[in-house]
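Next come the chains, spelled out residue by residue.
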Amino acid sequence: MAKRKRKLEVNQVGLTKDQYQGAESTLCKGCGHESISNQIVSIMHEMNVVPENIVKFSGIGCSSKSPTYFLGRSFGFNGLHGRMPSIATGAVFADHTLKALGFSGDGDTASIGMGQFKHVMRRNLPLVYIIENNGVYGLTKGQFSATADQGLELSKQGLNPYMPVDIVREALASNATFIARAFSGDVSQLREIIKAALSHEGIAVIDVISPCVSFNNEDDAHHSYSWGREHEVAIHDLAYVPPREEIEIDYDETSTKTVTMHDGSLIVLKKIKEGHDISSRVKAVNLLDEADEKGILLTGLFYINTQQENLVSIKNLPDEPLNRMTEERLRPSAEALTQVNNALF
Amino acid sequence: MPENKATTDGERQHEDNINDFSLTIGTVNGSGSQTSNLTLIRALFKMGIPVSGKNLYPSNIQGMPTWFTIRVNKRGHLGRAPQPDLVVAMCPESFEDDVALLPPGGVLISDDSIRKDVKRDDIIHYPLPVRKLVRGGDIPRSLTTYVSNMIYVGALAYILGIDQEMIRQALEFHFGGKEKPVRLNFQMVESTIDYCTENLQKIDPFRVEAMDATAGLKLISGNEAAALGAAFGGVQFVAWYPITPATGIADMLNYHLPILRKDPETGKNTFAVIQAEDELSAAGMVVGAGWGGLRAMTSTSGPGLSLMTEFASLAYFSETPLVVWDVQRVGPSTGLPTRTSQGDVLLAHYLGHGDTQNIVLFPGSPNECFQFGWQAFDLAERLQTPVYVLSDLDLGVNQWMTEPFEYPSTPMDRGKILWEEDLEQWKGKWGRYLDVDGDGIPYRTLPGNKHPESAWFARGTGHDEFARYTEDPDEWWKKMERLAVKYESSREMVPPPEIESDQKADIGLVGYGSADPAIQEARYLLEQEGISTHYLRLRAVPFTESVHQFVKDHSRLYVIEMNRDGQVHQLLSLDLPGEAEKLTSVAKLDGLPLSAVWLVEQIRNLEGQ
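Taken in sequence, the protein lines are chains A and B. Our numbering puts the first residue of the first sequence at 13, with every later residue one more than the last. Our numbering puts the first residue of the second sequence at 601, with every later residue one more than the last.
Don't take each hint at face value.
[Unchecked claim] Using 30 Å as the maximum straight-line C-alpha spacing, the simulated DSS-like pairs for lysine-lysine come out as follows: (1) B:K862 with A:K327; (2) A:K111 with B:K1050; (3) A:K111 with B:K1078; (4) B:K716 with A:K327; (5) B:K1029 with B:K1078; (6) B:K780 with A:K327; (7) A:K130 with A:K111; (8) B:K716 with B:K732; (9) B:K732 with A:K111; (10) B:K1016 with B:K868; (11) B:K716 with A:K29; (12) A:K207 with B:K1050; (13) B:K716 with A:K111; (14) A:K29 with B:K1050; (15) B:K1027 with A:K327; (16) A:K306 with A:K327; (17) B:K732 with A:K130; (18) B:K1078 with A:K327.
Rather than coming from a laboratory, the hints here were simulated on the basis of the structure.
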């Protein structure tokens, strides 16, 4: 009964949590991606987001199916394998006042989509780019992905002889302006990271280790629930403080860092791991190397740069969405054409 | 072939040699000869003489031979002439081959420092002391290579009688009025004319005389015209990747949009242009933008179009409007990247996997590049589908005489879009893929619409009329049949053909795009031989009823195109299987623009004469 009551609770924009749901999921029971979908629904409800102000994008794969299962009242485009970033790039220009969320997987991003992944970061598209990373191709039934660990053994596939692609390192190398890793088995941290990402004005890359219960969830697999639960180490306690909300957090100047976002919200980092500085890419890489040596799953916000201008801003557009503009503002006058003609030889 | 018939331009019936000849200029590429070549055609154009210029260049930046051909023709026949009457040989590497191009009686103008013998005594030779003339001029050392190309401009001005004032005007235009380069270049022209006046005895018959045949016309490339057309079509989003010969469209959009398309209210941009990382991404971006409700376009050439295939399929099936300009070059593969072609017709028409039928437009002049530049958006948005505009290297890159651009004759057609107030009226009851009007064209909403019933989820997977995922066989078939209905609806929306049937004729010629000047000239030459023809210049696929009627009205039709397989011939034969026997393909592709001489030969032979 209590659960039902909470579902019907109306938020500040007059919506119940149900109204943030999507179609019924067809993913496997226990899929890590479900946990991410659930958090999206819950966060949007909690943050009083109008669903029509969100636009969703995805590529192809299990991860890319997930946007169907939340925010049914938001526009969305489930595009092509590895090409989510390009579709999002064009669509963001249609109405840049919308918040864009991209969903992709490790196959979709780190194999077929590596090129678009790299270039969308370079352009700093305002997009929350979530990679639901499980180390395998699920929809085609369990082939290794590029993020699969070397030495991973999968039934029918044998042993993976190749070294993995690390999405966080790729993002660090490509000048992404918000780079985090989360674990879908650690919901509280995941929530705070997603909320912080929503306040970021450029590209926010979140590599979420999201276990595939069907093909890659053996206890010793680095993308499994049990390995993640036993080996996750957060580089800090991350708390997101929305704009206009009073900060009620213990403040220890020495071990706490606060990042002010453009919308006035704060990211408060406490108990920061020694040696880390979220404005340093080099330090982030060092931490990752160290984590690999120790065999731990390091999560948290690795890097942030709130100063870099985003792609929409670079293009100097009016505040009004381009897709609302009518002929008077889009078609130059007949006099303008006369001038063009006169200027020709 | 009878001996007395015209076989080459060199032996053709010169009534006289005034305003009727062609000229080939061989230079080293990267040496700045383009300025000289453009100056020449612009000066001739300003003298009122019909002129065309075609660049035949290698896929290289510096150091290889490159050619520019100029055709001057008082009757306005400006297709490629297969043989030059005059050759300017400035490139040592191609010198012997260039000299060999000349017919007996032809004129050779050469740089006398090229140490190669001219072994022909049947031509007229004017050697020029290029080094001496350059040294005589007061030219900064760093500019000598560029300015020295003006020597052949000066020599031709003297030999042909080109108006010096027009040369000065052409230079002023070229350098945007910058005084110093105009002065340096013009001085070189003047000093060469002075040298020629004193030292060169003109003994050839070729010369120009001012006419008034170009009054009111403009010289412009198809690529620039396309960019301007798009600007007046309200283009809002452009994504592109560099590729010869389409890059000029993006370059010109980048040049003209910031001037033409500042928002009158805020002074900000009403457009965005993004250079993508490849053609896949460029296509993806325009799909995203088109879906979002922007007038979105990309420009590319054959290899890029191949890369866009998967997105083309998605756009067709998700019913996303966008415009793709394909400035065709020779394929398959990298092919002849700097040579012209009409080889992408079938690729563009069928682009995509599964059953796809795309709308294809064929501009035949820069003026039409401008027109289709805006009209393609109306068609794409009205029909919610990709529109492919097939230009080519010859039309896109070279300067063509054209009528001044005409302001769009119709208001923008944004198609069937539902905003908040529409959904209010419809009480929120609508389906993204419902055929409400029976024309196969559904309604769409755009992201940013705040009505709670507005959102839908676009996908490349099977979907029902409400855009919901389904694998239901009936739903799939219904969708594909509706897309076929929509395609039929487009038949009378696309630009109809231009038909010339002023006299009685059994023969119908069908052609399109940049083949037009050669076809026009061939009709004139055939008429001289007593072969009358009608001519249909195709401007779009699907074929309109008037195209069908033209085919039915003629007993023999020749479908003329610059490819090997007769691609439009194939489409016409498929569209009109009952008439297919009457259709003959006259197709050739060797990288050169079509010549009337070749075409006349083909049709004469096919007519058994």
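Review point. Which hint numbers doesn't this structure obey?
Key: Violated: hints 3, 4, 6, 9, 11, 13, 15, 16, 17 and 18.
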